[in-house]
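Fit chains B, C and D to the supplied structure of chain A, relying on the hints for placement.
Number of protein chains: 4
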Amino acid sequence: MSHIRGRFGKGADEAASRYTASIPVDWRLYPYDIAGSIAHARMLARQGIIPSGEADTIVAGLTSVREEIEQGRFDFKAEMEDIHMAIESRLIEKVGEVGGKLHTARSRNDQVALDTRLFLKETIRDTLGRVRELQQAVVGLAERNIDVVVPGYTHLQAGQPVLLAHHLLAYFEMLKRDSDRFGDCFRRTDVMPLGSGAVAGVPYKIDRDFVAGELGFSEVSDNSADAVSDRDFVIEYQAAASLCMMHLSRLAEEVVIWSSSEFGFIEVDDAYATGSSIMPQKKNPDVAELARGRTGRVYGRLLAMLTTMKGLPLAYNRDMQEDKEGLFDVVDTLLATLEVFAGMVSTLKVNPAATRKAAERGYILATDLADYLVRKGVAFRTAHDIVARLVSRAAQAGKSLSELTLAEYKGFAPEFDEDILAISVESSIAARDVPGGTAPGRVKQAIAEARKVLDG
Amino acid sequence: MSHIRGRFGKGADEAASRYTASIPVDWRLYPYDIAGSIAHARMLARQGIIPSGEADTIVAGLTSVREEIEQGRFDFKAEMEDIHMAIESRLIEKVGEVGGKLHTARSRNDQVALDTRLFLKETIRDTLGRVRELQQAVVGLAERNIDVVVPGYTHLQAGQPVLLAHHLLAYFEMLKRDSDRFGDCFRRTDVMPLGSGAVAGVPYKIDRDFVAGELGFSEVSDNSADAVSDRDFVIEYQAAASLCMMHLSRLAEEVVIWSSSEFGFIEVDDAYATGSSIMPQKKNPDVAELARGRTGRVYGRLLAMLTTMKGLPLAYNRDMQEDKEGLFDVVDTLLATLEVFAGMVSTLKVNPAATRKAAERGYILATDLADYLVRKGVAFRTAHDIVARLVSRAAQAGKSLSELTLAEYKGFAPEFDEDILAISVESSIAARDVPGGTAPGRVKQAIAEARKVLDG
Amino acid sequence: MSHIRGRFGKGADEAASRYTASIPVDWRLYPYDIAGSIAHARMLARQGIIPSGEADTIVAGLTSVREEIEQGRFDFKAEMEDIHMAIESRLIEKVGEVGGKLHTARSRNDQVALDTRLFLKETIRDTLGRVRELQQAVVGLAERNIDVVVPGYTHLQAGQPVLLAHHLLAYFEMLKRDSDRFGDCFRRTDVMPLGSGAVAGVPYKIDRDFVAGELGFSEVSDNSADAVSDRDFVIEYQAAASLCMMHLSRLAEEVVIWSSSEFGFIEVDDAYATGSSIMPQKKNPDVAELARGRTGRVYGRLLAMLTTMKGLPLAYNRDMQEDKEGLFDVVDTLLATLEVFAGMVSTLKVNPAATRKAAERGYILATDLADYLVRKGVAFRTAHDIVARLVSRAAQAGKSLSELTLAEYKGFAPEFDEDILAISVESSIAARDVPGGTAPGRVKQAIAEARKVLDG
Amino acid sequence: MSHIRGRFGKGADEAASRYTASIPVDWRLYPYDIAGSIAHARMLARQGIIPSGEADTIVAGLTSVREEIEQGRFDFKAEMEDIHMAIESRLIEKVGEVGGKLHTARSRNDQVALDTRLFLKETIRDTLGRVRELQQAVVGLAERNIDVVVPGYTHLQAGQPVLLAHHLLAYFEMLKRDSDRFGDCFRRTDVMPLGSGAVAGVPYKIDRDFVAGELGFSEVSDNSADAVSDRDFVIEYQAAASLCMMHLSRLAEEVVIWSSSEFGFIEVDDAYATGSSIMPQKKNPDVAELARGRTGRVYGRLLAMLTTMKGLPLAYNRDMQEDKEGLFDVVDTLLATLEVFAGMVSTLKVNPAATRKAAERGYILATDLADYLVRKGVAFRTAHDIVARLVSRAAQAGKSLSELTLAEYKGFAPEFDEDILAISVESSIAARDVPGGTAPGRVKQAIAEARKVLDG
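Residue numbers (our numbering), protein chains in the order written: chain A, 1 to 456; chain B, 1 to 456; chain C, 1 to 456; chain D, 1 to 456.
Mixed in with the good hints, there may be bad ones.
Any copy will do: because identical chains look the same in the list, a pair fits if it lies in one copy or spans two.
What the hints assert, rightly or not - Pairs of lysine to any residue, SDA-like flavour, derived with a Cα cap of 20 Å:
no.	residue 1	residue 2
1	Lys10	Gln396
2	Lys283	Ser218
3	Lys410	Glu426
4	Lys10	Gln47
5	Lys10	Ala413
6	Lys283	Leu348
7	Lys283	Asp385
8	Lys410	Leu215
Source of the hints: derived by calculation from the structure; they are not laboratory data.
Bound-form chain A, shown alone (with noise of 0.2 Å):
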């Protein structure tokens, strides 16, 4: 029977035992757990809470029990109903009953708060590194294929045609948001929210300024009962993941599309794709497919944590408790999803020639017709509803736009010129000269700023 249940006449039920014990979970908080613990046992000395020589063996224990875990040799049982308690109770059995001072001016309401926060910013470093390795892998990808042209799509339809590496590029954006979103997260998650006590505060002369400075923490949190019922920085984190992995489902999106036969723009590496048990000839962009299947997950998570903190009164309820498996899972589902992806799309092979035949297919140029009739004063209207009419007798004519000689030109506006004729895919990507357009020049200056952004 825990030390908490002292006031109880009998021990826990098994299954209650087992519904309520968090170890299998939070046991990866330790490092956090016994970083904190020290901080506090030393601060609890510097104030003279406890003696300095209690504080010494507490800490050189806390250093043990690290160890004992690093090293394998700690044993987690579900008794132990948590990882504070764990690390506690075999601290106790190392130092003797002062190790039972830790706890002095201190709840696990504000600990496990506190371990959350250390894990978590910890976490945004690891994110920030991994958005960023993706990030290098696109802009790597682009320089690449600096001449490469394909279909920009709407609706997943060809519509104007673009550089490869402009297309890409919006992702980089995408995920320059991303980073952005993570250090807001960062900010937030970064307060110290130890000496809240279980609702209230302590009622010990510590001080607070003193452990945030040993851990890291730029501020201390400033009401006792938000600090220990606030799981707003978990929440935060899942809804900036739960985005990332929506760009990261687009990207994959095109991924499966693009490597499909019938477009054939690409070919994942075979590091990076698997085959099929009973069809030999199958290579399957898994990764991909795994990384859009998955994002469900994470939207899930997120949903779970604002679901479970939905109508909670104050301060600290178990429920909480639920806070952990969630982000733990989002966080590694993320992370992973970041490295797979660096490497996929590192190792993506182009095919040229299919992306340029698919960007002179149809009547792609047609918004460029109307654009050179508007430079011949023509309304843009006006100008769209000739070319509409124009597209729409040659596809019944079997015509390619190049296939038109000026005379059919002209039978739909007279101010088609002989230079219509020299309309292209080049010329028409060329035109696009506007900051964010496609026009090559403005292209490999976004990747120069690209660049400048990453090795920033």
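Chains B, C and D alone, transformed into the frame defined by chain A:
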């Protein structure tokens, strides 16, 4: 390099391998996978597709693989990809190339659909059993407290007095609908997909009905492309589980509120409560809180799978591998919650003095006054207005209804007579003598009918 | 100030009034509310609770209110709170105080449950009709294209050739399960709650079975507290609708991908496509895209209602008012999507040359080679490996399977014989002659059975 | 037949037309659409793309269209498709073909992105204002009740006494984080997308910075394909709103529980409560309940949009049209909830006698006993165990802590001395004198700082 990568020039990237491996999750399907393979092998022999002797060898090999797993002697490794390849590889190690005949007329696509359906059928049977146990606990608690009166709440404001047993039986009804839904889901899960191959069916004279019979299925699937890409049964179970958890979360909320000091209606048994690491007096209803919190998790999993399946073209896509982890988690969460709730409810201690006091507080009998006037010929809406005024005036005077004199009553409506003074919590309850109402006779009958359902 | 605020010293705050009013949403329930009230009034008279003549007056008044609404002469105002009070108030305006007797033995809590169930029963009937219409469109398209061959995809990679009709019938199956689920939901919706009062039942000798009979219900609810706080039927419809939208989103995705220039398998009829404001050549499959997008909306509504109900103590809580807007939105979205899909599918134009070309591309018959070897006695796994090597070598040499000579075949396995050269898309399809397989005879039989279901 | 259907042989199917029209939803964007068009027209003239006089005509026409709409003289019809075409068509009706020049160098894809960003920027400003008003109400309530003591709850069990003001300020903190998040979202919304065209940029010498300046944007978008397919800002607002609603749902839950008769801590003002149609005595906290319920709705909308965007290939897809209805609903729900909560909180009546009685009940000072022993040198864990035993024994004897004699105390630990009898709710609160703690001085300082933030 696994068999199914035969076409590729190189092995999978290590991170990609980890990313795509499902064995850390799907190993749980082994008994179903092996049962399915045994039935398949027997069918192949029966139809002359493989020699009988070879089928015997395969069956013996599979049986021995199963033993290895059950005895913990099987080492699941990530490079095995999934449980199907893990078992097939081990089989081939054991019985040689003949093991390679097992996958004749089969694909992993129909195989995993089979395994998951077998798992789910067994799971639904377990679920129905657990629901019934909780229903029994609820009915038992109702029986043991058959005379206890509680306020019937709307908006968490006391509305009209009811029997606690009546209140509890509402949960019996919810669980009855849950059972119904799980039963419907069973019917749609009970369809045998093997023989669908990868997508198109298989080019062998197989006997699908024989396999269905061996494995206890009621029917075989009607379209191969649908059979390998259908995960409706997974989602339907998750939706039914979400509704069931929603019901349990409502019960949980009542356990939490009713065991607050302010309500003091019930006491959770020590075996289902936990203490505080810092506040020695605390006795927390953690089991109820965790169940309430885990409702979010189950919703999230439902949502995740719906999202994962959205917009997938036919037929199998790797995204669908995500189905199992979410399903297992929902199953584990729901079964554990039902189990621990049965225990918690069975051991709940009710405080009839507190519930009675609450049921007598305030103006809870106001509706009865209005109904009294109606029986004297006043239109209900008019009666409601009269009583509202009466209550308002009494409240201002600080008087309860039982402190009003007949003269005071008559001041509001001449229809009030001597017998108005006899209105009581008991008479109010007894008056609700309609099917589904809280009158003692009706409640006892409802308990008897519940017992019939449970024993049936 | 409304009748039900009788006890209060002042009116509602104006913002609060707007915040709580449900009439902008629930006015749609008026036909059900009035039908329910008429049945209730008749029952009250039949049981002698109100005089027959007064019931007649009430029924006549309600009938005339219904006419006012149907003719657009009824002015719904926010201060009416909800449709129930709006109709009752108007009734009292019309027939005087006797109208105030209608609410005898009734509460808004059981009344709104009744209205919503009546609405949903009618809605489910409509839904079943719409599902059937789409099934008819799907089967019609299959019949009209009975000879068309398409690649059967897994992972959006061509796997094995199948008949387009076979592919389409997968959607028939999905919709069949949807119908089943809506039917199950109907059964659980078909329960009459009136007589449950606010929470405890009512103190009158009412005849609940009579009311159920009048309104076409199969049974009456068994527990009053459950009956007023149960919204399972709303959520169950939303869950079934989510699954159905998921199916439609898969069809939508295929319409989008298949109508890209790169696939070119189908053409959406002009009546179901839209153009671009700027690119004159564009023809976009907007209906399919919107349906795919609105799948998210339906999921969101399901999730919203599950979340809203989570952790609500018994019985009615005002949170539950949120049920209607979400339900109406799901109903409207699903019915409109089914309708417009029936039209879109009926008018789809298939390009058999393009689908055939895709079905012949690459090494789509590789599985057939492996199965060929199996029939010659090679173990499947070995055969799979041989063919994987063969495909890999052929690909390097830039040769299709049909360009390989018998000698080349024999170089991979001596079991290859003359007849290997006869393997074709047709032979591959014909060979999948198993229940649920794509062989032409099986598909025709499946169509015939589908017709039977639709005509049944 | 609309202009943009120029290429098609026939009009849209009527059901398809209804299905695709967004005007019933997006008409709300008209002020932003017109403002954007005016800035665009001015820029076109400034750059010499259209003559100045024509730009003036267009601007005058747009201004007059805006007046028509504001005065309710504009008839929005479904066949107008969307607000952009509705305004352009009306403009052309008014000013003739020259109106057709407005769409030069623009697409609906960048136009709708612009409109939505303009709408959201204004909305975020409104949101920040509403959050601040609620914060003011919270701080005001705290100030007016500065001496009120309540139990600090964990697990809805009284843990330690706190000041009500301290409890309330936890909500101030939550709302402060909400403001921060909305501010971050503003920054990422404040990016001008016009000039991105359909996907590739536009072939005109436009001045994007001029347009940004006219419309008050801080920067222009960096990639045209990203700019037209980015809806991060919509989702980010919805995520921030979900967190904010979660906070409000917690406050709502407390209002509901605390205004139950059993708690009796607070009374909601009549202006924010509603009555019952049947129970004349009821006063229900409907505003709080509805806010709690609508939290589900906001979550559902977030989830819907995330799901809608999942797996969409670049760039614009029609699915994205779904963004607006969900965004508008979230905005309307959140703003209305914040408004009505400010009113409800401002008018809450606190019952200090009831909260004090609850704060003195039971063994709420047990932690203080343990901390007392710690100060006498006992290890915290040992002290916790001693007090747990003491509480358990006192409970069995039916004695409160204040009824124990010094001798009885000493029986549990010799360290107990005379001064233990002086421990009280006041001393307990005063002792939590740490940053973020509930000691009166700390709370007053926190209020002062909150005032500074609000006035700043």
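Do the hints match the structure? See the list:
For a Cα distance limit of 20 Å, the shortest separation of lysine 10 from glutamine 396 across copies, 15 Å, qualifies, whereas the shortest one inside one copy, 86 Å, does not. Within a single copy, lysine 283 and serine 218 get their C-alpha atoms no closer than 50 Å, and across copies no closer than 36 Å, so neither meets the 20 Å cut-off. Proximity of lysine 410 to glutamate 426 under the C-alpha cut-off of 20 Å is found in neither arrangement, the shortest distances being 23 Å within a copy and 49 Å between copies. Taking the shortest alpha-carbon separations for lysine 10 and glutamine 47, neither the intra-copy value of 38 Å nor the inter-copy value of 57 Å comes in at or below 20 Å.
In this homomeric assembly, lysine 10 and alanine 413 never come within 20 Å of each other (Cα to Cα): the closest approach is 93 Å inside a single copy and 23 Å across copies. Proximity of lysine 283 to leucine 348 under the C-alpha cut-off of 20 Å is restricted to the intra-copy arrangement: shortest distance 14 Å within a copy versus 31 Å between copies. Taking identical chains as interchangeable, the C-alpha atoms of lysine 283 and aspartate 385 lie at most 20 Å apart only when they sit on different chains, with a minimum of 14 Å there against 45 Å within one chain. In this homomeric assembly, lysine 410 and leucine 215 never come within 20 Å of each other (Cα to Cα): the closest approach is 76 Å inside a single copy and 40 Å across copies.
Checked against the numbered hints given earlier, the structure breaks hints 2, 3, 4, 5 and 8 and satisfies all the rest.
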